[in-house]
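Chemist: Using the sequences and the hints, build the whole thing.
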Amino acid sequence: MATSSTSADDESEADAGAGADATPDEFEEPLQPETGGKNRRRAALAVLPFLFIGLGNVVLIVGMGTEPLWGFAILPPVLFCTVLAYIVFSTDFLDDRT
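Just so we're aligned: 45 in full-length UniProt numbering is position 45 of the sequence shown, and the numbers increase by one with no gaps anywhere.
Incorrect hints may have been included.
[Unchecked claim] Distance ranges between label pairs, derived from CB positions:
no.	residue 1	residue 2	range
1	Phe-93	Leu-55	33 to 43 Å
2	Thr-66	Asp-92	39 to 49 Å
3	Leu-69	Asp-92	29 to 39 Å
4	Phe-93	Phe-52	17 to 27 Å
5	Val-88	Phe-52	30 to 40 Å
6	Thr-91	Phe-52	14 to 24 Å
7	Ile-87	Leu-55	14 to 24 Å
8	Phe-72	Phe-50	15 to 25 Å
9	Arg-41	Trp-70	18 to 28 Å
10	Ile-87	Leu-60	35 to 45 Å
Calculated from the structure, these hints are not laboratory results. Cβ atoms here follow ideal geometry from the backbone N, Cα and C, with glycine treated the same way.
Modeler: Structural data, given as C-alpha coordinates:
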(Lines of atoms letter the chains of each structure in order from A and count residues from 1; the text may use other names and numbers.)
(Lines give C-alpha, C1' and ligand atoms only; values in the text may rest on other atoms or scores of the structure.)
Protein backbone atom coordinates (compact mmCIF):
# COMPACT_ATOMS: atom_id res chain seq x y z
CA MET A 1 0.00 0.00 0.00
CA ALA A 2 2.15 2.87 -1.29
CA THR A 3 0.82 6.35 -0.72
CA SER A 4 1.70 9.27 -2.89
CA SER A 5 3.64 12.09 -1.26
CA THR A 6 1.76 14.70 -3.33
CA SER A 7 -1.97 15.20 -3.35
CA ALA A 8 -4.22 16.15 -6.23
CA ASP A 9 -4.34 19.73 -4.94
CA ASP A 10 -0.55 20.00 -4.99
CA GLU A 11 -0.42 18.73 -8.57
CA SER A 12 -3.07 21.19 -9.77
CA GLU A 13 -1.19 24.09 -8.13
CA ALA A 14 2.06 22.95 -9.75
CA ASP A 15 0.34 22.78 -13.14
CA ALA A 16 -1.18 26.24 -12.66
CA GLY A 17 2.24 27.67 -11.81
CA ALA A 18 3.85 26.05 -14.82
CA GLY A 19 1.05 27.33 -17.07
CA ALA A 20 1.68 30.90 -16.00
CA ASP A 21 5.36 30.58 -16.90
CA ALA A 22 4.59 28.85 -20.18
CA THR A 23 2.77 31.83 -21.72
CA PRO A 24 4.74 33.23 -24.65
CA ASP A 25 6.42 36.55 -24.16
CA GLU A 26 5.39 39.25 -26.59
CA PHE A 27 9.02 39.86 -27.57
CA GLU A 28 9.78 36.22 -28.44
CA GLU A 29 7.65 36.25 -31.58
CA PRO A 30 8.84 38.22 -34.61
CA LEU A 31 6.83 41.33 -35.39
CA GLN A 32 4.33 40.75 -38.13
CA PRO A 33 3.62 43.62 -40.51
CA GLU A 34 0.22 45.25 -40.27
CA THR A 35 -2.29 45.01 -43.07
CA GLY A 36 -1.46 47.13 -46.06
CA GLY A 37 2.26 46.33 -45.98
CA LYS A 38 3.20 49.14 -43.59
CA ASN A 39 4.08 48.92 -39.94
CA ARG A 40 4.07 52.52 -38.78
CA ARG A 41 4.08 51.78 -35.05
CA ARG A 42 7.16 49.58 -35.31
CA ALA A 43 8.92 52.21 -37.42
CA ALA A 44 8.10 55.00 -34.96
CA LEU A 45 9.34 52.94 -32.01
CA ALA A 46 12.59 52.17 -33.83
CA VAL A 47 13.27 55.76 -34.90
CA LEU A 48 12.16 57.78 -31.86
CA PRO A 49 15.24 57.08 -29.68
CA PHE A 50 17.56 58.35 -32.41
CA LEU A 51 15.41 61.42 -32.96
CA PHE A 52 15.48 62.22 -29.24
CA ILE A 53 19.26 61.79 -29.11
CA GLY A 54 19.72 64.12 -32.10
CA LEU A 55 17.37 66.75 -30.70
CA GLY A 56 19.07 66.44 -27.32
CA ASN A 57 22.40 67.18 -28.97
CA VAL A 58 20.95 70.30 -30.59
CA VAL A 59 19.58 71.47 -27.24
CA LEU A 60 22.93 70.86 -25.54
CA ILE A 61 24.87 72.75 -28.19
CA VAL A 62 22.50 75.73 -28.08
CA GLY A 63 22.34 75.60 -24.26
CA MET A 64 26.13 75.63 -23.89
CA GLY A 65 26.23 79.17 -25.18
CA THR A 66 28.01 78.48 -28.46
CA GLU A 67 26.75 79.96 -31.66
CA PRO A 68 23.14 78.81 -32.23
CA LEU A 69 24.02 78.36 -35.88
CA TRP A 70 26.04 75.24 -34.98
CA GLY A 71 23.07 73.69 -33.24
CA PHE A 72 20.75 74.36 -36.13
CA ALA A 73 23.36 73.14 -38.61
CA ILE A 74 23.05 69.70 -37.01
CA LEU A 75 19.25 69.71 -37.13
CA PRO A 76 18.70 69.04 -40.89
CA PRO A 77 20.88 65.89 -41.02
CA VAL A 78 19.20 64.55 -37.86
CA LEU A 79 15.74 65.08 -39.34
CA PHE A 80 16.75 63.69 -42.74
CA CYS A 81 18.19 60.50 -41.25
CA THR A 82 15.13 60.09 -39.02
CA VAL A 83 12.73 60.39 -41.94
CA LEU A 84 14.83 58.06 -44.08
CA ALA A 85 14.97 55.44 -41.31
CA TYR A 86 11.21 55.77 -40.74
CA ILE A 87 10.53 55.10 -44.42
CA VAL A 88 12.82 52.05 -44.43
CA PHE A 89 11.32 50.55 -41.26
CA SER A 90 7.69 51.26 -42.17
CA THR A 91 7.85 49.74 -45.65
CA ASP A 92 10.17 46.81 -44.80
CA PHE A 93 12.41 47.92 -47.63
CA LEU A 94 15.15 45.36 -46.86
CA ASP A 95 12.86 42.53 -45.72
CA ASP A 96 13.26 40.43 -48.87
CA ARG A 97 17.09 40.71 -48.86
CA THR A 98 17.71 38.74 -45.66
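Chemist: Taking the beta carbons of Ile-87 and Leu-55, is their distance inside 14 to 24 Å?
Modeler: With a Cβ separation near 19 Å, Ile-87 and Leu-55 satisfy 14 to 24 Å, so the hint holds.
Chemist: Using the beta carbons of Phe-93 and Phe-52, state whether their distance is inside 17 to 27 Å or not.
Modeler: holds (23 Å)
Chemist: Holds or violated: the 39 to 49 Å window for the beta-carbon distance between Thr-66 and Asp-92?
Modeler: Given range 39 to 49 Å: holds, Cβ gap about 40 Å.
Chemist: Is the hinted range of 33 to 43 Å satisfied by the C-beta distance from Phe-93 to Leu-55?
Modeler: violated (25 Å)
Chemist: Taking the CB of Phe-72 and the CB of Phe-50, does the distance hold inside 15 to 25 Å?
Modeler: holds (18 Å)
Chemist: Is the gap between the beta carbons of Thr-91 and Phe-52 within 14 to 24 Å?
Modeler: holds (23 Å)
Chemist: Between the beta carbons of Leu-69 and Asp-92, is the distance compatible with 29 to 39 Å?
Modeler: Holds: the Cβ-Cβ distance is about 38 Å, inside 29 to 39 Å.
Chemist: Tell me if the beta carbons of Arg-41 and Trp-70 are separated by a distance inside 18 to 28 Å.
Modeler: With a Cβ separation near 34 Å, Arg-41 and Trp-70 fall outside 18 to 28 Å, so the hint is violated.
Chemist: Could you tell me whether the CB distance from Ile-87 to Leu-60 stays inside 35 to 45 Å?
Modeler: The hint (35 to 45 Å, Cβ to Cβ) is violated, given that Ile-87 and Leu-60 are roughly 27 Å apart.
Chemist: Using the Cβ atoms, figure out if Val-88 sits within 30 to 40 Å of Phe-52.
Modeler: violated (19 Å)
When the structure is compared with the earlier hints, violations turn up for hints 1, 5, 9, 10 and for no others.
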